[in-house]
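Chains as they are written, first to last, in the working numbering: chain A, 630 to 991; chain B, 630 to 991; chain C, 630 to 991; chain D, 630 to 991.
Calculated directly from the structure, the hints in this document are not laboratory data. Hints are all accurate, no fakes.
Note that the list lumps identical chains together, so a pair holds whenever it fits in one copy or between two copies.
In silico DSSO-like links for lysine-lysine, alpha-carbon gap of 30 Å or less: (1) 674 to 722; (2) 894 to 844; (3) 889 to 851; (4) 868 to 844; (5) 710 to 633; (6) 889 to 844; (7) 894 to 868; (8) 851 to 801; (9) 868 to 889; (10) 801 to 893.
4 protein chains.
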Amino acid sequence: MEKKLRVGVIGATGMVGQNYLRLLAGHPWFEVAYLAASPRSAGKKYADAVAGRWHMVDDIPDAFREMVVEDASIVSGAVGKCHLVFSAVEMDKQSIMALEEEYAAQGFAVVSNNSAHRHTEDVPVMVPEINYDHLAIIPEQQQRHGWSQGFIVVKPNCSIQSYMLPLYALLKAGYPVESMIVTTLQAVSGAGYPGPASIDMIDNIVPYIPSEEEKSEVEPRKILGRVHEGRILPDENIKISAHCNRVPVSDGHTACVSLKFDGKKPGMDEVIAIWRNFSGLPQELKLPSAPVPPIIYRDETDRPQPRRDRNAGNSMAVTVGRLRACNVFDYRFVGLHHNTVRGAAGGSILTAELLLSRGFIK
Amino acid sequence: MEKKLRVGVIGATGMVGQNYLRLLAGHPWFEVAYLAASPRSAGKKYADAVAGRWHMVDDIPDAFREMVVEDASIVSGAVGKCHLVFSAVEMDKQSIMALEEEYAAQGFAVVSNNSAHRHTEDVPVMVPEINYDHLAIIPEQQQRHGWSQGFIVVKPNCSIQSYMLPLYALLKAGYPVESMIVTTLQAVSGAGYPGPASIDMIDNIVPYIPSEEEKSEVEPRKILGRVHEGRILPDENIKISAHCNRVPVSDGHTACVSLKFDGKKPGMDEVIAIWRNFSGLPQELKLPSAPVPPIIYRDETDRPQPRRDRNAGNSMAVTVGRLRACNVFDYRFVGLHHNTVRGAAGGSILTAELLLSRGFIK
Amino acid sequence: MEKKLRVGVIGATGMVGQNYLRLLAGHPWFEVAYLAASPRSAGKKYADAVAGRWHMVDDIPDAFREMVVEDASIVSGAVGKCHLVFSAVEMDKQSIMALEEEYAAQGFAVVSNNSAHRHTEDVPVMVPEINYDHLAIIPEQQQRHGWSQGFIVVKPNCSIQSYMLPLYALLKAGYPVESMIVTTLQAVSGAGYPGPASIDMIDNIVPYIPSEEEKSEVEPRKILGRVHEGRILPDENIKISAHCNRVPVSDGHTACVSLKFDGKKPGMDEVIAIWRNFSGLPQELKLPSAPVPPIIYRDETDRPQPRRDRNAGNSMAVTVGRLRACNVFDYRFVGLHHNTVRGAAGGSILTAELLLSRGFIK
Amino acid sequence: MEKKLRVGVIGATGMVGQNYLRLLAGHPWFEVAYLAASPRSAGKKYADAVAGRWHMVDDIPDAFREMVVEDASIVSGAVGKCHLVFSAVEMDKQSIMALEEEYAAQGFAVVSNNSAHRHTEDVPVMVPEINYDHLAIIPEQQQRHGWSQGFIVVKPNCSIQSYMLPLYALLKAGYPVESMIVTTLQAVSGAGYPGPASIDMIDNIVPYIPSEEEKSEVEPRKILGRVHEGRILPDENIKISAHCNRVPVSDGHTACVSLKFDGKKPGMDEVIAIWRNFSGLPQELKLPSAPVPPIIYRDETDRPQPRRDRNAGNSMAVTVGRLRACNVFDYRFVGLHHNTVRGAAGGSILTAELLLSRGFIK
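Bound-form chain A, shown alone (with noise of 0.2 Å):
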């Protein structure tokens, strides 16, 4: 990489943008060269726009603090300015769509944060590890769109990471799952900010996330889907179920899963062995944000653990645990990812690799 590729934020501002200007300080292969948010922002420099309202634990990274913020909503200012934008802004869903949209008519490479697009039939929803063939559906996404070099790609929700991969390496090792129940315990940094008040978590839990069950349940199986005639056909062939709860932590998604496979079932030892064998293209690219390996197994009984593992990795690893045989199912274990790092704006940071490394950023 001889010289950085200039990436833009928009929706700078907000805590997914900060998120995001945290990961790309020092990122080896992106420049940030445009940071853009609400007309209320635009015209201050970055420091002074996020004033009161920074919220990561490291301070604002000096590289981006004298950077003047642009109005997102005029799309011609980033031109010339950047390849690929990062999307972050917090409006409703069609403004959304028809910005990124926007964005994309215009050039830019768009990588998604928000759940807007992820419906979007032409739209693939990254998980770099599991499906980086869907984007082989990029020029027909451009072709609909009449766009010569921009597109659209998304992240999922992040509530999924921590079972998608365990699961993906088992399907990908020949073992077809055909139902799945699973229990998240989210961390409150997945709610943004300001995000549960302290008083509604202090001393307890909240069984319940808007929103956040059908995502978890719907989302994987475009993931695990396949690229047919323009679209994104989600597979239909696997059951999910989802308990979504808001649990007293800061950043950390665990999940106890139960699943029982379709056909023959591998052993526990050989489902340890696929999990810790497991890599993908970010890995075998060796991608700057790819996670080596990128799914942890832990022998200890009491792990994964938000507080111990969520770094793991960079943040970007899966940690799985408790792998045992289930009196109802086959088996149950339990996973954690850190949400706003692989959940978010890592995730995509990682998206964003494989799209440069595969030549779909021109």
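Following the hints, put chains B, C and D in place on chain A, whose structure we already have.
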């Protein structure tokens, strides 16, 4: 109830013993007349024996402060002082079994909080609203041991009440259940004192509680079983799989439940009606600790929650919410109960009330 | 009390209003006959107006569910319905002052939770055990405004009760205090709803609460002041310095206090005796919400604690402990009170009881 | 540094020992060549000795997993293996004193985390930026005992670093301080493992830590004292009063400080400048663990906070904020440091670096 029944608490100085005393203070039917613990505490006034290790939120009830603690191992010391003892002793399993049997041999009704006797085939594991008919085994238990009046009954593990009452209500209404997958989010008080270290529960959850999953899967089958030729035969039809997690909550165990009926299934409205109309023998007998209603169904999308629902029905009710269809099984719901009251000392006191009311204590 | 006094709550749908209603349900002297809030809620049944934003642990009291919420800004709508209003409106300071004055002008006794009028020289800032004699200014307040019956009294900030009662008890016993340095550890409920974001309070404390230190230093001097020529002159002798911190506690403000007497100082035993024997006019008048005793001194080395002591005296007592010598000043101690009861709605209700008892409400 | 100095850790299996190892892994100057603990652990590989009780967030460093743990009480076993031992043994005070002296007698430099020797008059209590000149007493200590090379230095209690560095910076700038009242909000990790029970720290604070206030008041005076005729004479001029609280925070002690100068006082800007410009001998010597700068002053109104500031300067910096005038004394501020790094193992390692750099280790 003209005169109160004199009762005792053995293991009175530990956390479970403290909970018994907290709940027995001012009880309308029972008068605590005997407190016993280890030799270390024997001879001391109760307030002195627990000085520096009284862990209840409320102060030591005045009625017990000056009572002298006896040596629990000198069973003869209890004779004449009370008719029933609540067992909260903390020793190895064999010692507990032996001591409880000795109390029974001396003529005491023993209502135990311990797991030691839960697998003894002629010892009922009581949830009074469910298996009051298991008390019919008491004469057989007495006969086997040659006990004239004494006997032993136990309460189940504190992890199961959240789903056992809702489950039983459905069974009783004529809807057999084939499978159930349960994920619990359990409060730290369930581990006794000191329980989990705070450093392990701040900003964390622990997806493992030793032996808890086995108990959560096996005990329900005994409770749902039937008395047959001097043994309680477990219900082998229902399959239960449990994931047990420790969460940073003081009191109140939450259970996320997916269930599949065996054959016909009720409609969603019918399930709610079954729960709301459910009532058991304790309610019919108007036992002092029996919650009315025993099951509370809440319509809000985000309930039950530990902080808001654990004290419902004097901490003896089970609160249920979020009934919804399941993609994999038939239904999903969330249940919650107060683990140290309904799930421990309060459940035992309700059992003792049932025993007295049904003439088992002479 | 043959017939209950009809009272109203303005700002009834907010968190403070909810606290008032929670505490007024079943009150022996007061009957809530008027609920008012913003136009947005006006015309709705109370249960509908707070649907999805009822934040109390206990459910909406049945007595209020069906009451229709009025528009608080149409003061005439309250006339004939009640004699006293508790003000919990949330608006800018000028609007609150104007609205409260309008209620007073219409003949209502206004007992306010807001800080708006705390600096008005003829408005008493009431801690009923301390400055009941400040009520003597009411006729002068009425005369200044030309009000025939109505008037305004307010309650102080919720940060100060933990040290105000112990301090006043010493002053009253004849021991003037020269200086006091206080560090508070304040519960999140003190910030209203939603208050601090959970992500900011998990594994964290925040050493700053806007304007809280100023209030904690200035208001005590007015409370300890005296009525003189139509004004309440603050006590200029005592110097107070406050550090105010937000801690991850739901309810209960703790204060670590160092104090220096002005001249002679009592012995340590005497201080404890003064606190334990302290009693005020509310106790003498046996007001329904008056805690007996108002100050609880605990001998344990590690008390008071929020979880264990906030509910003492029906959440209206102040609990004190750890009196010890100070290397710099004379003594140190720790005080604690329930911030949303003694420190807010409960304190106001006690004030209203005092007003009724002393004939200020006609 | 051509070759690393071989060091040992005695008490290597406890929580403090684990912290030492976590921080010594990959240290540029030190190589851990000797691990010792109680006879129970002796002979085991380190990973086996701490199995099930490794409490660090990060895993056991690979370099130590296979090292065999020695019996710490057999001092001769260390001879030839290392030149300096970090002492983290957990025994009664007399045994610790004796053991540390035995290591010194055998020629080892002993850098201790324990409080046992803090009151020994010729043992320096080191905060390297402050009292490096106390090392001058080492020859006198050696002479008194007849030790040829060995000696003992200790680190102070973990509660004081937040205010000691800011205080010392002011003293060094020529502004003597007369009085200081400090309230600490201390993390649970300061209590070792298991430390406070989670049931005591959920929704609670505990306003008491055994012996902590005495240490927080006495140790600073020794640190600020001077070497005179073979003794370290404490600074008797400064009076310190401490309130020590335990709060539900994992790592990071916060201190709310009020201070009064003795004579002239600097202006507020000058205080901030003094802190920001402060630098000590460790910084001058570029010791590997010396934070640059040692004191960070933050301008935000709500800093420092444990979650955001504990890791500043590689967890070795002290972060200060909220400097403001005090109504009673001269100034108030808030300080924060990482208690298990700067306040414990990290502080000791910095001391060891200083010892090596200044030629005290032969």
